[in-house]
Amino acid sequence: MKAKIHVTLKNGVLDVQGKAVAAGLAGLGFPGIGDVRVGRYVEIELAAKDAAAAEAQAKQMCEKLLANTVIENYRIEIAG
Amino acid sequence: MKSAIVVFPGSNRENDAADAIERASGKRPAMVWHKDSELPEGLDLIVLPGGFSYGDYLRCGAMAARSPIMREVIARADKGTAVVGVCNGFQILCETGLLPGVLLSNSGLKFICRDVHLKVANSQTMFTHRYSAGQVVRFPVAHHDGNYFADPDTLKRLEDGDQIAFRYCTPDGETTTEGNPNGSIGNIAGVFNATKSVLGLMPHPENATDPATVGSLGGSLDGKPMFDAIVDALSK
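Protein chains in written order, with the working numbering: chain A, 1 to 80; chain B, 81 to 316.
Honestly, I wouldn't trust all of these hints.
A short, non-exhaustive set of chain B residues, derived as facing chain A with CB atoms under 8 Å [claimed, not checked]:
{"#": "1", "residue": "R139"}
{"#": "2", "residue": "A142"}
{"#": "3", "residue": "S147"}
{"#": "4", "residue": "R156"}
{"#": "5", "residue": "E175"}
{"#": "6", "residue": "S185"}
{"#": "7", "residue": "F229"}
Cβ-Cβ distance ranges computed for the label pairs, FRET-style [unchecked claim]:
{"#": "8", "chain 1": "B", "residue 1": "S212", "chain 2": "A", "residue 2": "A53", "range": "56 to 64 Å"}
{"#": "9", "chain 1": "B", "residue 1": "E121", "chain 2": "A", "residue 2": "A20", "range": "42 to 50 Å"}
{"#": "10", "chain 1": "B", "residue 1": "K159", "chain 2": "A", "residue 2": "L65", "range": "20 to 28 Å"}
{"#": "11", "chain 1": "A", "residue 1": "A23", "chain 2": "B", "residue 2": "D233", "range": "31 to 39 Å"}
{"#": "12", "chain 1": "A", "residue 1": "V36", "chain 2": "B", "residue 2": "C193", "range": "26 to 34 Å"}
{"#": "13", "chain 1": "A", "residue 1": "D35", "chain 2": "B", "residue 2": "P89", "range": "54 to 62 Å"}
Calculated from the structure, these hints are not laboratory results. None of these values were measured; they are calculated from a predicted model. Cβ atoms here follow ideal geometry from the backbone N, Cα and C, with glycine treated the same way.
All chains should be built: construct the whole structure from the sequences, respecting the hints.
This is the structure:
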């Protein structure tokens with residue numbers, strides 16, 4: 001099993017990296033750049049037997065280490 | 081006073097903290113490596129120093145907060161042992177949950193390395209009782225992620241509980257945007273836990289304690305009262 005985890009800043013939390021990227025894109029001449037939010041993508045191989053067990057494990061990993069839930073949301077996809 | 085400094089891979093201000101404590105107490109702290117699972121017995125003070133533990137991987141302080149030694153630090157803190165986290169140490173304390181909130185990247189997108197002015201927000205604690213309320217002090221900062229953030233409920237709890245230790249200000253003591261180097265909410269530079277036994281702050285009081293740096297070098301000795309206060313409170 002593979003867990004694919006997206007960690008993103010919550011709405012309303014200042015994303016300075018996103019702001020820098022937006023400025024960079026505008027500087028390259030791309031028109032119409034709005035808000036840019038930069039997140040983190042984590043892939044984890046798991047020995048779990050089924051998708052439900054893998055998801056439960058990945059959720060714990062997010063809560064304990066991969067995301068700081070004060071400022072970040074996470075989304076988990078499980079692939080076979 | 082028996083103290084220890086926890087050293088992580090990437091810590092870099094541990095010797096400055098040790099010097100400041102030695103100047104105030106006459107006794108050198110024990111250095112504890114992050115892979116150790118035990119702290120010395122009978123500690124009065126634990127310091128988490130500045131630096132870039134684990135290369136700031138994942139989030140600043142996130143990896144260090146989950147290292148074996150931090151389980152011990154949390155257990156001691158829960159029993160009332162005093163803990164100070166400076167800069168990266170503050171980030172680690174927030175990541176462990178010993179202190180509320182989190183440190184985001186500086187709002188100006190830049191690493192800031194200079195002196196800042198701070199207003200003492202609570203002078204009634206073991207860390208700050210050698211300052212007067214509202215006193216303006218000058219400490220150096222050196223960070224990229226010092227932008228303190230907490231949700232409105234947490235902020236209210238901090239205000240109501242007198243848990244704000246220092247606020248960034250102008251040299252005249254105005255806690256305005258002009259005096260705020262990194263975008264911290266409410267100009268917050270340092271906070272206490274609810275019982276005031278744990279302090280975290282981004283500026284470096286340990287780098288404002290060396291008499292050799294004052295005068296033409298422009299250093300500050302404003303950090304000395306903090307270490308004197310700690311020694312005062314914890315010496316038996």
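Going down the list of hints, with the structure as the test:
Against a cut-off of 8 Å between C-beta atoms, the interface hint on R139 of chain B holds, since the closest Cβ of chain A lies about 6 Å away. At a threshold of 8 Å, the smallest CB-CB gap from A142 of chain B to chain A is about 7 Å, leaving the interface hint in force. Because the closest C-beta pair between S147 of chain B and chain A is about 11 Å apart, greater than 8 Å, the hint is violated. The criterion of a C-beta within 8 Å of any C-beta in chain A is not met by R156 of chain B, whose closest approach is roughly 21 Å, and the hint is violated.
Hint status for E175 of chain B relative to chain A: holds, with the closest Cβ pair at about 7 Å, below 8 Å. Taking 8 Å as the C-beta contact cut-off toward chain A, the hint placing S185 of chain B at the interface holds, the least distance being around 4 Å. The interface hint given for F229 of chain B is met, as the beta carbon of that residue sits about 6 Å from the closest beta carbon of chain A, less than 8 Å. A C-beta distance of roughly 58 Å is found between S212 of chain B and A53 of chain A, which places it inside the suggested range of 56 to 64 Å.
A C-beta distance of roughly 48 Å is found between E121 of chain B and A20 of chain A, which places it inside the suggested range of 42 to 50 Å. Between K159 of chain B and L65 of chain A the Cβ separation comes to about 25 Å, which falls inside the hinted range of 20 to 28 Å. Separation of A23 of chain A from D233 of chain B is about 33 Å and conforms to the stated range, judged on CB atoms against 31 to 39 Å. Evaluation of the 26 to 34 Å hint for V36 of chain A and C193 of chain B yields a pass: the beta carbon distance comes to about 27 Å.
Under the hint 54 to 62 Å, the C-beta atoms of D35 of chain A and P89 of chain B, about 36 Å apart, miss the expected range.
When the structure is compared with the earlier hints, violations turn up for hints 3, 4, 13 and for no others.
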